[in-house]
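**Q** Protein chains in written order, with the working numbering: chain A, 3 to 136; chain B, 3 to 136; chain C, 3 to 136; chain D, 3 to 136.
The hints are all genuine.
Just so you have them, the derived chain B footprint on chain C, three or more residues with Cβ under 8 Å:
(1) 15 to 21
(2) 32 to 40
(3) 43 to 51
By construction, these hints were calculated from the structure, which means they are not laboratory data. All of these numbers come straight from a predicted model, not from anything done at the bench. Glycine residues also receive a C-beta, built at the ideal position from the N, C-alpha and C atoms.
There are 4 protein chains.
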Amino acid sequence: MSDNYQYELEFSVRDYECDLQGIVNNGVYLNYFEHARHTFLNSKNIDFAGLHAEGIDLVVSRIEIDYKFSLTSGDIFVVRLNIQKEGLLRLVFEEDIYKLPENKLVARAKVIGVGLKRGRPMRLDEIAGFKDLV
Amino acid sequence: MSDNYQYELEFSVRDYECDLQGIVNNGVYLNYFEHARHTFLNSKNIDFAGLHAEGIDLVVSRIEIDYKFSLTSGDIFVVRLNIQKEGLLRLVFEEDIYKLPENKLVARAKVIGVGLKRGRPMRLDEIAGFKDLV
Amino acid sequence: MSDNYQYELEFSVRDYECDLQGIVNNGVYLNYFEHARHTFLNSKNIDFAGLHAEGIDLVVSRIEIDYKFSLTSGDIFVVRLNIQKEGLLRLVFEEDIYKLPENKLVARAKVIGVGLKRGRPMRLDEIAGFKDLV
Amino acid sequence: MSDNYQYELEFSVRDYECDLQGIVNNGVYLNYFEHARHTFLNSKNIDFAGLHAEGIDLVVSRIEIDYKFSLTSGDIFVVRLNIQKEGLLRLVFEEDIYKLPENKLVARAKVIGVGLKRGRPMRLDEIAGFKDLV
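Between the sequences and the hints, there should be enough to build the whole structure, so can you do that?
**A** This is how it looks when you write it as structure tokens:
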């Protein structure tokens, strides 16, 4: 893993993720980014599904993505990410996709997440495990 | 609607549903079949999401699909369905997809559903609205 | 349709689009936005699949989305959009989702698209029908 | 890998694959089954995307699935498969999903595939690599 990232997860493109242009559909990248965030959170003992069962939902409030290059059938890639706090209420994930083995930058995203407790904004430091996260 | 079906719902293919072969991916047909079942159940005042909130889950136990012809970008089609009880525990949906306007048969499915109450099999006639369903 | 938009398309949430939080997954909004763009382009005689068959691909180079409010099972909504040229190479779509019937703003997106001809950037005015588009 | 299967591929459930019931949606299993088939074919030097580029499409003509048990957030599982020829025109895949580590049977499928050459049925032994497959 690059020194500049806190976490990475490797994927391979699945053929059903490609659309009629023969490339991974733009919406599928959000699946990749989400799965990387959730496995990262899990590695820090924060369980997205478990939180939901307690009435706490982590939801996305904003996403920016730059698509630089298209992934296609057979490609192997990693999502690498960093996380920062922004105030008491927001988490900012910077998530970059690199195609392997050449480490070519494919897409960059900035994803802002917030916590909702029974539907209302909550301080993220009320979530167990949060202090060790950032 | 054909006289031979209890319900039908019209769809159009969305480009993101097509895979790299330029045709609707085989898995997407299950989305079409599910959406038709749920809107049918809703028309009978049975709400899939509402039941889940009460601890009752309608789940699929078996699916058989014959794919006759491929849907592709720009196609308009209907899912037509019939429903029958099978004993006290099982619902059988027969769901057929026809491409419009020529009414060409595209796919036929038989979908068996069961009810779970907090994870255990339940008699379907315990579900409000069920008696009017079949 | 609002006077302030060039096009709108109505959708209803399909239950399979909701994730374990019971709300439409963040990635699914890109499906909605794409489908609205493609049906809009079609209404202007620009066919995404047909262009691909000729070696021309319209691809997304950047997306920004603000999620204001979550869609959930049973919701009806519209995607409303405007389109502008940006130089010779880029199309900018502004796409907003409103929940009906109350016209509540759910999400706003800015989607930048470019054209590729056999994989290389192309002037958009080389695409038949493009002049009538913007 | 069990002695009784020709191939297996490990997966983990991704949270976006779960629907509002908190379990993997029935349609997503077809994605798992397809990805296992394609990686198996790739291991035998048969490339689904490459064949499409040559005008040959492997398509599904029938699927039967029995869902025994639901996969959910955090689950690890394998798809195990066997393949047989049926005449000159059809491949039959038997694909079973087992949850790990307990090797609990989750779902069983039988998937029938055929080959199309420019849209017409073709003998599968015309496909390079096919002889080593079965």
